[in-house]
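Chemist: Heads up: the sequence lines are chains U and V, in that order.
1 is the number of the first residue of the first sequence in the working numbering; add one for each residue after it.
116 is the number of the first residue of the second sequence in the working numbering; add one for each residue after it.
Because the hints were derived from the structure by calculation, they are not lab data.
One thing to keep in mind: the hints can contain errors.
What the hints assert, rightly or not - Pairs of lysine-lysine residues, derived as BS3-like cross-links and limited to a Cα-Cα distance of at most 27 Å, are as follows: (1) V:Lys-243 x V:Lys-144; (2) V:Lys-144 x U:Lys-110; (3) U:Lys-110 x V:Lys-149; (4) V:Lys-241 x U:Lys-110; (5) V:Lys-171 x V:Lys-243; (6) V:Lys-177 x V:Lys-241; (7) V:Lys-149 x V:Lys-232; (8) U:Lys-110 x V:Lys-243; (9) V:Lys-144 x V:Lys-171; (10) V:Lys-149 x V:Lys-177; (11) V:Lys-149 x V:Lys-243; (12) V:Lys-232 x V:Lys-171.
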Amino acid sequence: MINNDDQLSITFSALANGTRRAILARLAEGEATVNELAEPFQMSLPAISKHIKVLERAGLIVQGQKAQYRPCSLDVSPLVEVANWTDQYRPIWEARFDQMDTYINELTNKENNDE
Amino acid sequence: MSDSNSNDACVVERVIDAPVELVWQMWTKAEHFKNWYGPMGFSIPVAEIDAQIGGKHLFCMKSPDGNMTMWSTGEFTELVPNQRLVYTDSPCDAEGNLMSPQAMGMPEGYPTTTEVKVELEDLGGKTKMVLTHTGVPAGAADGWSQAFEKMGALVATL
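Same shape as in the complex, but just chain V:
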């Protein structure tokens, strides 16, 4: 869990045109978080964030047609204001009870928990943000079919 070598993590770096204090609030204040976190077109009807070590979060993402909701929960394991936060993330039901990856349609052996790490650097009015997502399971149901479609192309470039 703690070892996030780049082989098994998704790392995304971005410079945000906003002071580091505001970017910190994007992650730690529910009223900001729900305005950007969902996939395109999804709404976030529920975002509870208890931003303290050991504090929990509960997110709900709702599909554009309203037919599908995806809940996730987890715990903050590190919080250094305006610098660094780490939380765990697992699929769950609306009450925050963890759901097995199998119940979500994932194959046997997939992890229930992933870890999201956000590191911020003050660039004087702008903010460098580095996201490291470790132990990501298959995720969306269509992830597998997309991955299979890409297989041919991927193998060809090996």
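Same shape as in the complex, but just chain U:
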């Protein structure tokens, strides 16, 4: 439970930044080096590296180990959890509440007919 909450918090705080989301969007097209990732931004390489570190700690990207050319690539597994939250459970509860509405209507109509 605690570990799970922590992972979600880390994921969300990593996503709470426009530059980092843009980096992820770029990596969704394929792996890229730090230099390539830095290109679209008016930012120093160290600043971009810092964002990459945050994404790496959140498990959202992995960086290759080859010394010179260390391409970054996307790891979507932390996002699966986010998707589960927002996408999976809302429709389940919405559908249940639709059924509650229907059931209450039936109950109320029945009571009215009984009177």
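Mind docking chain V on chain U? Use the hints.
Modeler: Chain V alone, transformed into the frame defined by chain U:
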């Protein structure tokens, strides 16, 4: 468990066209609860609800073809009649023994227990209902495959 910040909770708000007393009974009376709780097409052959603090619940959801049953249990931790209720929810077997998420096919590290909070507000004949579901695990087995399918679209919107 108690901290339900909106980042890690599923929050659903709804106005129900019924007095708050009736909506309260939808959650606390088994004969009402079993008429709406299951996913579409599922039946609820078992709903035991002991609506008092520390009281337990035991639910069974049965798939439309009758081949799959999903049991869950938990405990009421807060009950303020017509206003607020909180209960925990965990997968279990038909005897109410907790089952590990791994036994249900979930990946390592998933929580066994989630928390369901329901807050009701009397709008004079109608009722505002706010549901907060915290610590939700992966849930249905097909949740993962659906989530993976959605990945492409999700990442594209980041």
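Chemist: Which hint numbers doesn't this structure obey?
Modeler: 6
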